[in-house]
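The task is simple: from the sequences and hints, build the whole structure.
Residue numbers (the numbering used here), protein chains in the order written: chain A, 1 to 139; chain B, 140 to 278; chain C, 279 to 417.
Be aware that a few hints might be false.
[Stated by the list, open to error] Among the chain A residues that face chain C by a calculated CB cut under 7 Å, a handful are:
{"hint": "1", "residue": "Thr36"}
{"hint": "2", "residue": "Leu79"}
{"hint": "3", "residue": "Thr80"}
{"hint": "4", "residue": "Ile93"}
{"hint": "5", "residue": "Val100"}
{"hint": "6", "residue": "Ser101"}
Hints in this document: simulated from the structure, not taken from any laboratory. Even glycine gets a Cβ: it sits at the ideal position worked out from N, Cα and C.
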Amino acid sequence: MQTEFVISTRGVGLYEFTTELRNWVTQQQIHTGLLTLFVCHTSCSLLIQENADPDVQTDLRHFFHRLVPPTTDPSMSYLTHTYEGPDDMPAHIKAAMMPVSLSIPVVNGAMALGTWQGVYIFEHRAAPHARRVVAHLSP
Amino acid sequence: MQTEFVISTRGVGLYEFTTELRNWVTQQQIHTGLLTLFVCHTSCSLLIQENADPDVQTDLRHFFHRLVPPTTDPSMSYLTHTYEGPDDMPAHIKAAMMPVSLSIPVVNGAMALGTWQGVYIFEHRAAPHARRVVAHLSP
Amino acid sequence: MQTEFVISTRGVGLYEFTTELRNWVTQQQIHTGLLTLFVCHTSCSLLIQENADPDVQTDLRHFFHRLVPPTTDPSMSYLTHTYEGPDDMPAHIKAAMMPVSLSIPVVNGAMALGTWQGVYIFEHRAAPHARRVVAHLSP
Chain A
1 MQTEFVISTR GVGLYEFTTE LRNWVTQQQI HTGLLTLFVC HTSCSLLIQE
51 NADPDVQTDL RHFFHRLVPP TTDPSMSYLT HTYEGPDDMP AHIKAAMMPV
101 SLSIPVVNGA MALGTWQGVY IFEHRAAPHA RRVVAHLSP
Chain B
140 MQTEFVISTR GVGLYEFTTE LRNWVTQQQI HTGLLTLFVC HTSCSLLIQE
190 NADPDVQTDL RHFFHRLVPP TTDPSMSYLT HTYEGPDDMP AHIKAAMMPV
240 SLSIPVVNGA MALGTWQGVY IFEHRAAPHA RRVVAHLSP
Chain C
279 MQTEFVISTR GVGLYEFTTE LRNWVTQQQI HTGLLTLFVC HTSCSLLIQE
329 NADPDVQTDL RHFFHRLVPP TTDPSMSYLT HTYEGPDDMP AHIKAAMMPV
379 SLSIPVVNGA MALGTWQGVY IFEHRAAPHA RRVVAHLSP
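Here it is, written out as structure tokens:
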């Protein structure tokens, strides 16, 4: 089975959609299978991360902002792809460093996520976006 | 078919489990298929790397330690998620940069690994852990 | 179904093979499925990136060259695996940071790539190589 999720983002950061995924997987009534997610964009990422302490999400955002700062930062002046603003090329770089696809086994009818694992879109752009994620569930 | 591997780690570094995987795949007697691995944690990673020269593993450990140092390092003082010690948040960051899931085709009954490719858990925490990897093999 | 693509590289950079993939997927006449790619090497990566502006590829190459410079750079003198030259260990590090496998749903007989997404080999070595990619398509 396949479906598509659309996640609305409002600036750089992590947006969880574990509950939406869980609901859809439950409805498919597959006991043993494999769920694959694919994000149809090159300026955001799919990420599995801790969903207990929201500070983890803040720290992730800060770390990657420092590792790949906007092109207004002098250290990034060598970048040339800046059509859409100072967060354009850094977003592509972050998208290269984090997953565009993820596969999660389905065991006993549920995603085999660990206790603290949540599924997120990591939005790398400042402007609001509607991010498409295609989900494929095979028995 | 599905199974679960548990890899015991004793500090930061790479732990190979290619042989355990190979043995399990052989037992399943699948000629053509796809093996997917998923690690149920947010502070370690799955990694395929060179298994010939152990120096590669040492160098990987050192590189990522310098790229994402412990929060005791002044350059990391902006991180706030430090409940479990100075290696807590850096472990989550490294887990965002390296795979949580991997897919390896099975060709002629064996994983299609290249000559020098081994499959590892990259442990990002200093304390010993038992890391769970769910394996899903579809024909 | 499975097949193998061989991509010839001539130095560090991105090599697109979206068209070859698309042609093969079309020939398989699968309406709904999942395409998985796996690269059999530890010194190059699979990457989905923007295929509109070639500057994105140049910028990606430059960013990763600065993040992981050759071992001739004094900042990298701590690396020990240098048998095959100054781009040897940096190639393994980059291969740890970017995908070795990718999964792309097939929807209505075609890969569910976004408008600007292309599929690339990111070659991390300076010398020419023939890079093997195993493709697995399941219905």
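Evaluation of the provided hints:
1. Taking 7 Å as the C-beta cut-off, the interface hint given for Thr36/A holds, the closest approach to chain C being about 5 Å.
2. Below 7 Å, beta-carbon pairs count as interface contacts, and Leu79/A has one with chain C at about 5 Å; its hint therefore holds.
3. Checking Thr80/A against chain C by beta carbon gives a least distance of about 5 Å; that is within 7 Å, so the hint holds.
4. Taken as an interface hint, Ile93/A checks out: its beta carbon lies about 5 Å from the nearest beta carbon of chain C, inside 7 Å.
5. With its C-beta approaching chain C no nearer than about 5 Å, Val100/A sits inside the 7 Å limit, and its interface hint holds.
6. With 7 Å as the threshold, the beta carbon of Ser101/A comes within range of chain C, its nearest partner Cβ sitting at about 4 Å, so the hint holds.
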